[in-house]
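Visitor: Below, each chain spelled out in residue letters.
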Amino acid sequence: MLRMASSFPEEVLEHVFSFIYDDKDRNAISMVCKSWYEIERWCRRRIFVGNCYAVSPPMVIRRFPEVRSVELKGKPHFADFNLVPEGWGGYVYPWIAAMATAYPWLEEIRLKRMVVTDEALELIAKSFKNFKVLVLSSCEGFSTDGLAAIAANCRNLKELDLRESEVDDLSGHWLSHFPDSYTSLVSLNISCLGSEVSFSALERLVGRCPNLRTLRLNRAVPLDRLANILCRAPQLVELGTGTYSAELQPDVFSSLAGAFSGCKELRSLSGFWDAVPGYLPAIYPICPSLTSLNLSYATIRSTDLTKLVSQCQSLQRLWVLDYIEDIGLEALAAFCKDLRELRVFPSEPFAQEPNVSLTEQGLVSVSEGCPKLHSVLYFCRQMTNDALATIARNRPNMTRFRLCIIEPRAPDYITLQPLDDGFGAIVEHCKDLQRLSMAGLLTDRVFEHIGNHAKKLEMLSVAFAGDSDLGLHHVLSGCENLRKLEIRDCPFGDKALLVNAAKLETMRSLWMSSCSVSFGACKLLGQKIPRLNVEVMDERGPPGSRPESCPVEKLYIYRTVAGPRFDMPGFVWTMDEDSALRLS
Amino acid sequence: MEGVVAYENDLNLKATELRLGLPGTERNQEQAVSCARNNKRPLPETGDQNGGAKAKSDAPNTPPAPKAHTVGWPPIRSYRKNSLQQPKQTAAESSVMYVKVSMDGAPYLRKIDLKVYQGYPELLKALENMFKFTIGEYSEREGYKGSEYAPTYEDKDGDWMLVGDVPWEMFMSSCKRLRIMKGSEARGLGCGV
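As given, the protein sequences belong to chains A and B, one line each in that order.
Position one of the first sequence corresponds to residue 1 (full-length UniProt numbering), numbered consecutively onward.
Position one of the second sequence corresponds to residue 1 (full-length UniProt numbering), numbered consecutively onward.
Next comes chain B alone, as it looks inside the complex (with noise of 0.2 Å):
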């Protein structure tokens, strides 16, 4: 039990600290002078359509990733925003994404900021609420399982894809507008080729 030992001297709490934030991210000392600076007292909830903001504006920043957005804040247009970005720009450098979704049998369609999310859970947590469905399982050889809906994707090809095959970055850099099938066009995808 040596290695044990070892471990409880060293006191390893950073291993074990709980807190909300991508990996790897250290706690910005900046974030706490700025908040004592403006007084700022917390914001209400801005009744946000995109879900998973809220966690992101808990998580602490640190330069260069851009500050976590209220909806709507600040009020410039989306076509400025994405032009001050450089054409050959990757997504990876944009702040903001946002992509079309459209559900099988439903009259119009939404749009999101894929931005917002760390990753497929969240994403496709956000659109189960969004649409009022529950997507089924994934897994890589049966796509996903236990619903009669399937989260799809345009990519950069114009090829429909099933949403959670590739990795998150890959993704998030190739996807051009999503597309919840239903019924039996969804089932054909989760059915290998």
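Chain A on its own, in the form it takes in the complex (with noise of 0.2 Å):
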């Protein structure tokens, strides 16, 4: 037998190995042979954390010694929509902690809905000297002096990206902190501030960033200054603006349209905040070259969204309010012809009538228009099986599908049946699917076809749906490459999650709220199964002082080699070995 592992020396393989970035790959070969992970763990740089209690700092620091880019999440997505009360947890401080002495040349942190602190952020800018990337997305906790010490401390910044954090947000003053010797920015991202920032401090920064190449301004910065910063970084390729409404001047329309058309470069267009149709034109020469609009802020009607998408004839990418209305859907679907994603957002979500003609008809137009499509958000008030199944025979590539029926529970509103055969439909006819979020009626026969058909579903996203365990039971029996599964307020209870506890194990996690599974049966799971972290939250005090078949509030089960955490807030508690035992 030929030993070939053995046979090449370790910088040969070493060298080869770094060509390799996917994680998934870089897993595979750490499990050649001993040899082989030995080498691998050495030189891996980059690691992915998708779940921040999953494995602790030290074992992570140990295993990789060399690491420059590390990305954490922490909070559970639906977090996003309140439903994890504050302080649950995701601290990234301990990571900071660790790696501030275990990883000196660390150069990258990328964190998403994790509770980062100001003293985390002074910690980043103290600890690594060629600090380069910091991506804070969906986080909390900190605030704009947080953010000066950034600012002040990393010489070698180039990306500063605070996508949909929540700051604290104490003054516009931070952004000077950036010394006039500072000039790598290569991507800065502010768009979820609401204070201001000093203007001119803003022009010289991006004046003396020769490599600057995305810009996303906060809804502060207002429109006639946007064509003075454009005029300094003519060679932008991603632009956000900050509020674009202003009163109708000729001479401040002329300079942006004139500032516009010097950014032979830009592809990406968002902000837009109170967008008047007075200055759209003046984007009108830069459509054709854009790949990407984000116009979910800007509150523009069907006829100017219509008289704008037409013109973007490389549009790849769209967020959208529904004002863009089936009608303006049909245009999109006539002249975008490489589309790939489509979001479609509400602008009246809790008014009872729908206030824009947006339908199941828009969705459908798009996906017949647009070949390349397969990724979709899109919120709308009444679907059809029928409407559902052409979108699936048309667009069988589809990989991501979001839908959201603003009424819970809502039918298919001509038949009144259940939507289970319009998703089935999706199921069956997209084979690669990896993401499903699901609306309306829908009772336990959906799950069946998703646990028949969605082979390749990684995550899914339940509310208000099924009939009994049932359901619960095809999904998690039926789907092999599920890793995350959301469920809120559906009839699902201790039998299929019991039957089915072991592939509780293979999955990332796992959240159940306002549903019917017992404390007995958490108990159950987390004695049972000694590497998943089975926590219960409840904010009527502990599950103990109620029956054990007493439903509990809410529920996140989640893979962890690090054991149980020690850092949860008073209403959420570990079912383990040892807390049952405290907890009967």
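Do not rely on the hints blindly, as some may be mistaken.
[Stated by the list, open to error] Some chain A residues well away from chain B (every beta-carbon gap over 12 Å; in silico):
hint, residue
1, MET59
2, PRO179
3, ARG445
4, ARG565
[Stated by the list, open to error] Within a straight-line C-alpha distance of at most 30 Å, the following computed DSBU-like cross-link-like pairs (lysine-lysine) qualify:
hint, chain 1, residue 1, chain 2, residue 2
5, A, LYS372, A, LYS24
6, B, LYS100, B, LYS111
7, B, LYS81, B, LYS100
8, B, LYS81, A, LYS307
9, B, LYS111, B, LYS182
10, B, LYS111, A, LYS484
11, A, LYS484, B, LYS81
12, A, LYS484, A, LYS456
13, B, LYS81, B, LYS156
Hints in this document: simulated from the structure, not taken from any laboratory.
Since the model is a prediction, treat every value here as computed from it, not as a measurement.
In this text, a Cβ means the ideal position worked out from N, Cα and C, and glycines have one as well.
Assemble the dimeric complex from its two separately framed chains, guided by the hints.
Guide: The following block contains the structure:
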């Protein structure tokens, strides 16, 4: 037998491995044999931890001593919709503290849904001399003081991206902490900040950073300052405007139009808060080369939206409000043949009656006209099984399909039947479907379809659906690639969970809230499967103070090699051997 | 007793009608139609941390009042909900209004949606439930008597005010965050200036 593995010197293997970036590939390499595991772990430069509680900082550091880039995710996805109470966890500080000593050459930190404090930011600023990239996506817990520390100390910073984070906005002064000698900025996203930064500091910063390619401004930057900023950065590829509203003045318009025309590399636009139609023509000259357009804050109506998208023949991604209406989506289908991703958000999510004419027809049109469309997020107020089946047949290449019908449990509005068959068609035709969010009136049958067909499905979101445990059982037993399952307000209880307990160790996480899982079943799961953390969240008080058969409010189960966590707030309990005994 | 006789003949049932809802709102006919159309099954208890939401969802709605919402539904990020409002728009026109609530001595803060409550009594009850304490009796003269806690809020000017002094609508439009003060600091607020 050829012993190939030992015939290559380490340096050669290491060199070969250096061309391999994907985590899954790296993981596969590390499992070939012991020596490959050793070589690989010393040269892995980038790690991704999808659940920060699945592993502990010391464990990561012990195995991978030379990491340059770290990505961590914290809270469950439903935290985006206020279903996870404040104080739940996801603190990044322990990670930063451990990495400050272990990875002095760390360059990149990317965090999603984590609690980041000013102390953590200050520690980053002073610990990593070559720090380059900070991305805080949907994070919270820090203020503009923390940002000031980053700006003042990170000499080699290339990227500062605060997308969708909740920042304690003390003042806009932090931006002025970038020293005059600092010129390495490549990407800046401050669109989530409320307060005004100093415009002159912003202009000077933009002007002295020749490699700046992404600039996402916040709402506080008025339209009449935009031209000056653009003129200082004609090399921009991605721009987020501030408020896109001002009194119509010819000189303001013409300098804006001129500035946009000067940005020959511009491919992505966003911002457009409070957009007024009168200033839209300023971007017409660059529309044909745009690949990405985020109009989801623009309160412009279908006529102007239609005129706009009709000029964007290269468009690949569109995020827009439902003001676009079916008629605008028909234009999209006709003119934007390269469209890959569409997201339509509701302009009045809480209104009882529809305020716009956006129906299932708009989505059907786009599915017909755009052959590359594979990623959809669509909020609407009505749907039919026929429309879903048509979409499925039109777009078997769909990989992400998220539908939200505003009214929970809304049936097919023509036949008044559940939407089981419609979603059944989606999973049957779209064989590469990775992510699915369902909506409307759904019985156990839809879960049977999903279990039978959705073999590549990795993430499933379910709300107000199903009749019994059978529904959950179909999904857990049938979806071989399922990694994340989030469920709210469904009549799923103990049986399906206990029967499929082993499945849970093959998944990243399971969230169930307002379902019928009993405290007793949670304890059982926690006891039986050691490498799962079974966390019960209940604001009514300790679950042990109620009968075992009483359903828990919220349940979050995730696999981990780090054991139960110790940073839980008072309303979260871990079910394991020890605590189960304590609580009973 | 003439007045009484006249009253009885009038059968002024409306005045004595018991129902949930803001005074002056009429039950919306469309409400009944939309319920039938949707084949709605009753929603299960959604374990809602805002306390007052259940009461509100029973209330009949008339447009343009925002629909009473289940927590986290529709699944839209709060920054997205908030940014749909014009910056000059008053709090009255927005459909949600989350503010942070801190309590002296508690290790972490909470968040509540003020829009869910119809007035001070509901709000105070919800705070009592959330933090497991009792607020005293409110009087204009002495603030909250009979408890070591006092509910306060930070207004637009950055000042800390006692909850309950101003009309509810004015409070809603000026409240930035809440703090439940404890002990001597709390008593200080109650005893004049």
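Visitor: All the hints need checking, so say for each whether the structure fits it.
Guide: We went through each hint and held it up to the structure:
no. : hint                  : in the structure
1   : MET59                 : holds (27 Å)
2   : PRO179                : holds (31 Å)
3   : ARG445                : holds (16 Å)
4   : ARG565                : holds (15 Å)
5   : LYS372/A <-> LYS24/A  : holds (26 Å)
6   : LYS100/B <-> LYS111/B : holds (4 Å)
7   : LYS81/B <-> LYS100/B  : holds (17 Å)
8   : LYS81/B <-> LYS307/A  : holds (26 Å)
9   : LYS111/B <-> LYS182/B : holds (19 Å)
10  : LYS111/B <-> LYS484/A : holds (27 Å)
11  : LYS484/A <-> LYS81/B  : holds (26 Å)
12  : LYS484/A <-> LYS456/A : holds (12 Å)
13  : LYS81/B <-> LYS156/B  : holds (21 Å)
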